[in-house]
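Residue numbers (full-length UniProt numbering), protein chains in the order written: chain A, 1 to 408; chain B, 1 to 363.
Source of the hints: derived by calculation from the structure; they are not laboratory data.
Keep in mind that this is a model prediction, so the values were computed, not measured.
Possibly wrong hints are sitting among the right ones.
30 angstroms max Cα-Cα, derived BS3-like pairs, lysine-lysine [as the list claims (entries may be wrong)]: (1) 297/B to 368/A; (2) 185/B to 368/A; (3) 294/A to 232/A; (4) 366/A to 243/B; (5) 368/A to 243/B; (6) 185/B to 232/A; (7) 174/B to 397/A; (8) 366/A to 78/B; (9) 185/B to 287/A; (10) 232/A to 174/B; (11) 289/A to 174/B.
To give an idea of the interface, some chain B residues facing chain A are shown, with a C-beta separation under 8 angstroms as derived from the structure [as the list claims (entries may be wrong)]: (12) 57; (13) 60; (14) 165; (15) 169; (16) 173.
By construction, the Cβ of each residue, glycine as well, lies at the ideal position given by its N, Cα and C atoms.
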Amino acid sequence: MRLMRFVCVLMLCLSLAMMGTGCWDQVELNRASMITGLALEKGNHMKYKVTFEIVNALETDPNKGGKGGTPTAIFTKEGNSIAEAVSRLNESQERYPILAHVRVIVIDEKLAREGINQFMDVLQRNRYIREDVLVLVGKGAPASDFLRTVYARGQYASYKIQTQVEMYRKLFGGIPRSHLYDVAQAILTDGRTLMLGAITISGELEKSESLDAIKTIYPVAIVKLAGAAVFKGDKLIGYLNNERTRMVMLASDYVSTSLFSIPGPGGKPTSSGAVAVQFYHMHSRMKVKMDGQKPSFKLHVEGDGKLTSVDRSIKLTTVKGYEELEHLTSNYVNEQIQETFEYVQKELGVDVFGFGQHYYRYHFQKFKPLAEEWDSLFTTANLEVSSSFTVRRPDLKTQKVEKDGIGP
Amino acid sequence: MPSKVNLIDTFTMQLVFLLSTAIIFGSPSLVPDSWLVGIIAFFPACLLIVLYCAMLSSKEDMGLYPLLERAWGKVIGKMFILVYSTYFLYIAARNIRDMIELIMSILLRITPVPMLTTLFVFVIAYCALGGIHAIARFASLILWIILFMLATLAVLLMFSSSIILEQMLPFLSKGLWPVVQTAFKHSIWFPYGEIIVFLVFQPQLGGAKRMRKVTFYAFVTTCIILSATDLIQVLTLGIENKKFSVFALLDAARLINIANIITRMDALIALIIMFGTLLKCAIFLYAAMVGVSRIFKKKPEDYAFSLAMLAGAFSILVTRNSAEHVTEGLKYVIYTLHIPLQLLVPLLTLILLRIRYRKGATT
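Construct all of the structure, not just a fragment, from the sequences and the given hints.
Written out as structure tokens, the structure is:
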């Protein structure tokens, strides 16, 4: 019996030791470093140059504050594949690199022009990189520069860029949703064009790498959002500015909140008397059909919202006033979408709106023979835009505050 | 006369058994509209119930092993019992491997596989030691965990607006025929056909009368839940993207993101498969134990740990990499094991039983 007991105790101890096998790959927090941003460029000696933004956790603590050091450290490694560069990161730094908190992946313009699908696999396959990581294209500056801009709030560059992109997309819609997951979707889905967010830098970058840059009241250099980078297949072919990007995203039903500023009478965008309307729940529907050899698209946009500012006298106590506002908005949006459509047809020649995708999803048998030549068909197509906007309420004033005759 | 397992416990046991690994791997993504495969496979799968019940009722609900002996005679019958025991053990090994593949991919990446497998098979063996009653009661616990996790998953995906209805289109882009083909080639045999293991326990589960009803309900529920999970996978990952996923449900769970707070819900999936596999393997192991003990004339409990270790070793040795594992599962196992042992042998047994024991005739 005593032997039995001894064996049992031994087994229990052993089983406790066995439990520890789950900790085989554990890393202490102070032996690990979080990579928060990646910038991918063409290498000088090898295929790729990868720049890592590694966060210095002590400096980004919002409660205690740092000791005045930089919030991040930037390391650059070259490799013939992205994975190689990552695994060689320890040539430069001492800790275990954790990829799970990557927020932004910036792809260099030159690399993007050669095609991005040659290296996307490592990002999609990795179990730690999240599917909603932002993949952006750095326009007009080397990709690594975007991670080098320090920002007054003491946060690291990629956090700022991520929040900025998401907030901008939510409030204005001028940048495509460019999550890692969207890249795979766009490349796999017929009739859809890959669009990624484009970012650019304004200001003097050389000064911005030092912490002195945030001791001035205006940021020395700042990362700005520059609309969309448009791809053909997986190769970058051009850009759309913020305004046009917003119209494209609106047409493909990605924008639900945005503000339209309708220029005043006079025909010029600068003429006085502008009206601004804010819409909250916007939706768009498209219809695609073939008119002989030419596709013809129909787009309907609808939304409801409120008046934000009106610089001319439109009375909002009458229904007529609202009708006028809605009419103005409708015309404006229709015109803008039409203009964007023609611009895209002429300058880019790819179906960024996703009409092809719609045709592919809903009329697969008809789409199948056209799949190869869809983009060239797209450039010959004509679009009919209609919209119905409803302005619900005027906020706090019934009309523009101005004197209307003598007396109250 | 052994005491019978509660009706509801029987149902939950069969349901969890059918769901456990199928829920992760889903219908194989061989055709775009994979969610339809499960629905189509359901109808022919019901014929299997008819076959098994006919087999049982032809000789007063004896259970699979005695039936085999009665039909084929002592020697050939014993051989078949051995074949079935090995078959059950092999499926258990395959399921352990399925789970290990997932665990190795997402949770414990460096822990040596033999270590994990050994620990896991000990738990399975312990579970099987309790006999069918304990397993059945354990099943109702697991069922709630699985259903709760799945519901959470669906709700969270909905709230992170990852479910896009448009992504299940184009519907039937390759036509209906490949879908039907896949249903007949794969989904009938896995998971539905594996229900044959419950024939072993029929004396405790209540025989043909009960099985007909309970298993049918279990099949219906499985069909609904599996199609729903398949549909969730298609709606979140997109019909084009799904076939690139090794674990489609896991990839769907990774898309959960609610206000940047609720993210990385992969652990839910790992829990589902761990509990499910535990129960499924315990059932297979117990069936193998019963079969072996019938031949070598010892108590089933004596074989628990040794057979469990054997299943664990099988699971590692049986294939070298995951591609081999999957091809073997989708191709060779179906033709060389599933179809003969789930359909042909029971069918022949039934015919033999009908011939040898005509109504009223005694031997």
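Evaluated hints:
1. 297/B to 368/A: At roughly 65 angstroms apart (the allowed maximum being 30 angstroms), residue 368/A and residue 297/B break the hint.
2. 185/B to 368/A: Distance ~28 angstroms between residue 185/B and residue 368/A Cα, so the pair holds.
3. 294/A to 232/A: 21 angstroms, holds
4. 366/A to 243/B: 24 angstroms, holds
5. 368/A to 243/B: 20 angstroms, holds
6. 185/B to 232/A: 39 angstroms, violated
7. 174/B to 397/A: 59 angstroms, violated
8. 366/A to 78/B: 60 angstroms, violated
9. 185/B to 287/A: 39 angstroms, violated
10. 232/A to 174/B: With Cα atoms ~27 angstroms apart, residue 232/A and residue 174/B stay inside 30 angstroms; holds.
11. 289/A to 174/B: Since the Cα atoms of residue 289/A and residue 174/B sit roughly 22 angstroms apart, the hinted pair holds (cutoff 30 angstroms).
12. 57: With a closest approach of 46 angstroms, the residue 57/B hint is violated.
13. 60: 43 angstroms, violated
14. 165: 10 angstroms, violated
15. 169: Hint on residue 169/B: holds, closest Cβ of chain A at ~4 angstroms, below 8 angstroms.
16. 173: 5 angstroms, holds
Checked against the numbered hints above, the structure breaks hints 1, 6, 7, 8, 9, 12, 13, 14 and satisfies the rest.
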